[in-house]
Structures are given as C-alpha cells and as structure tokens.
Amino acid sequence: LRAKTSSDIVRYVVNRNINYTNVCSYACSFCAFSKGKLSDDLRGRPYDLALDEIARRTVEAWNRGATEVCLQGGIHPAYTGDTYLTLLRTVKQAAPAMHVHAFSPLEVSHGAQTLGVSLRAFLERLRAEGLGSLPGTAAEILDDEVRERICPDKLDTREWLEVVETAHRVGLRTTATIMFGHVEGPQSWAAHLLHIRDLHERTGGLTEFVPLPFVHMEAPMYLKGGSRRGPTWRETLLMHAVARLVLHPLVTNIQASWVKLGPAGVARVLNAGVNDCGGTLMNESISRAAGTQHGQELPPERMEELIRGAGRVPRQRTTLYRDVAADRYRQSFGAPALASVVLTPLRRPAARSSQPAH
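Numbering (our numbering), first residue to last: 1 to 358.
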C-alpha cells in the first residue's frame with residue numbers, strides 16, 4: 001500500500017527545532033522537558049531564550065541549508081498571544097524565506113485566550129505575520145479518559161480538534177501525532193486514528209501523521225510507577241502499519257521519528273508503511289530530556305545513507321512536501337558545525353519585550 005501511494009521515495013526536510021522556553025504552567029505527567037521555577041532538581045534549569053539567540057539560530061540554520069524552523073515551547077505563564085507573534089516576527093526578520101512551522105494547538109489556544117480573541121482571529125494574525133504551518137503536537141492520545149490521567153489540565157479531545165480544524169479553515173496546514181505506550185491501550189489508539197481520519201475528511205489539511213513512542217526513562221509518571229516502559233517493538237511496528245491502513249487514501253505521508261526510534265528503528269519501520277523520515281532537527285530538547293540518546297541532528301548525508309541502506313530513494317522536501325530548490329539542497333550538505341547554543345536563564349517577564357499585534 002505504501003509503495004502504491006508513494007513508490008519507493010522516502011522524504012525528509014532540513015530544519016531546526018527551537019524550543020524557546022522549558023518553563024510551563026501545565027503539569028503533564030509524561031513530560032520531562034518543562035521546568036517550573038522550583039524544579040531545579042530535575043534535569044535542566046529553567047530557560048527563556050532571548051530573541052537575539054532565536055534570530056542567531058535561525059540565520060545559522062538558513063546558512064546550513066534549512067528550509068524550516070520549528071518553534072515550540074512550554075506554556076510560560078508570562079507569555080501572551082503577542083509573545084508568539086513576536087517570536088514569529090523574529091524568525092521571519094532573521095530569514096524572510098524560512099518556512100515557520102510553529103505553535104502547538106495548546107499554544108494557539110493560550111495565545112488566543114490571553115488576547116481575548118477567537119481561535120480563528122488569532123490564527124489569521126499568525127498567518128498574516130508569516131506562520132506557514134503548525135505541528136499537530138499536544139495531541140498525546142485523543143481519548144479523554146486517558147487525557148484525564150496524563151494531562152488533566154490540557155486541551156481535551158474536542159478542543160484539540162477544534163484548534164486544528166480552525167487552522168485548516170484559515171489555510172494553515174498541520175501535522176498530526178499520537179504518543180503511545182504509556183497508560184492507554186489499543187482501544188484508545190483506534191479512537192485516536194479515527195479522530196484523525198475524520199478530521200482530514202472534513203478539512204484535507206493534514207500533511208502527515210507521526211507516531212511517537214512514549215519515552216519513559218525520565219518521565220515523571222514512569223518514575224512514580226504509573227506507566228509502562230513505552231510500547232513494545234511489535235506495537236511500534238503495528239502503529240505505523242495500521243496508521244497507513246486506517247488513514248489511506250486520505251493522509252498519504254506516515255512519518256517515523258528517528259529521535260524516538262533511532263536510525264536502526266527507522267530502517268525497520270520503512271518496511272511497515274512509512275515514507276517519511278521527518279527533519280534533520282539540528283537541536284532536539286524534548287525527547288532528549290525524557291532520556292533518548294539518538295542525538296540532536298541527523299544531517300542530510302546520514303539521512304540519505306539511512307534511506308538508501310533500506311533500499312529506498314531519498315528525496316529532500318519542504319515542510320509542505322514540495323521538492324527543495326537545487327541551491328538549498330546543495331547548501332545542506334557539508335554544513336559547518338553548529339555553534340554552541342545559549343540557554344538564556346529564566347528572567348523577569350518584563351525582560352521579553354513584545355511588539356503590539358497589528
């Protein structure tokens with residue numbers, strides 16, 4: 001079925017993740033990334049990136065051949081919708097041609113609420129400022145009984161779907177994800193996949209579906225004995241394969257997360273319905289905080305070697321699944337080493353200036 005849909009081509013995108021803060025007012029029991037003010041005893045100290053550091057990373061990514069910057073972070077209690085608009089402007093001013101793939105449905109909801117505007121109005125403002133697409137993260141499992149256990153203060157299933165559908169209605173494409181292998185089971189997986197299928201039938205706005213195996217090592221709920229050690233390998237293979245079957249012929253791209261699976265795991269799921277390897281990333285903080293050890297970057301040279309080694313044909317793409325320009329493709333190879341990142345320590349909310357939205 002995969003071969004019929006996408007032949008032997010496996011796509012990937014050269015991008016950079018920028019996680020702009022790990023301060024978060026939510027208490028998701030699976031998350032080892034977010035750090036509140038009093039949690040210095042956990043891995044990593046609280047940070048809130050300076051705008052000039054975000055701009056520097058953007059320019060560096062562009063010079064290394066990237067076509068996308070992905071912006072996500074915790075729900076910092078001092079952030080408003082204006083903050084997200086400022087983050088977006090910062091990237092677009094630093095590299096006007098860079099595609100900005102940014103802001104989870106939870107961040108969009110938070111931004112709209114803090115400005116007192118509708119989801120549609122806020123998404124239209126983001127799009128007008130240059131937002132290109134949204135990551136369909138914060139989905140976890142679209143089953144409210146499970147969400148009550150792992151993220152009770154987060155968006156519920158209906159709210160998550162509403163944000164994503166509204167984004168599609170204003171002309172913004174999104175991805176969709178599932179995080180599996182913690183406290184849920186096959187019935188929840190099935191419900192989640194059907195929610196995603198129904199959403200895409202209504203809007204046609206999804207670019208890809210990304211299964212994300214739960215990483216347990218530093219997850220609070222695992223450390224407290226409240227979850228599994230992630231999915232079995234058989235479950236992981238089946239999630240990718242069944243997603244291909246359930247979402248066919250609507251969602252044509254099934255993506256493997258090399259950060260979660262590792263290169264060897266990706267090579268195996270390429271024979272289980274997968275036709276996309278996601279991004280090269282350059283930096284990756286969220287899975288690493290949870291305990292993965294597959295690195296922060298898989299450069300184009302290694303990505304294409306991995307794909308060819310699985311007997312498939314690599315093709316570099318843009319966020320929206322177009323082929324990249326020849327000059328960007330050439331520039332992405334032989335890129336210089338990344339400069340050290342600067343994690344700006346947590347500071348007073350007033351330290352982050354926010355331009356008024358227009």
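What the hints contain is simulated information worked out from the structure, not anything from laboratory work.
A few of these clues could be false.
What the hints assert, rightly or not - Now the in silico label distances, taken between C-beta atoms and shown as ranges: (1) Asp52 to Ala97: 42 to 50 Å; (2) Val117 to Asp153: 15 to 23 Å; (3) Val117 to Trp233: 39 to 47 Å; (4) Val117 to Arg158: 14 to 22 Å.
Idealized CB from N, CA, C, for every residue including glycine.
To see whether the hints hold, each was checked on the structure:
1. Asp52 to Ala97: 42 to 50 Å: violated (20 Å)
2. Val117 to Asp153: 15 to 23 Å: holds (22 Å)
3. Val117 to Trp233: 39 to 47 Å: Roughly 45 Å apart at Cβ, these two residues keep to the hinted range, so it holds.
4. Val117 to Arg158: 14 to 22 Å: holds (20 Å)
Hint 1 from the list above is the single one not met by this structure.
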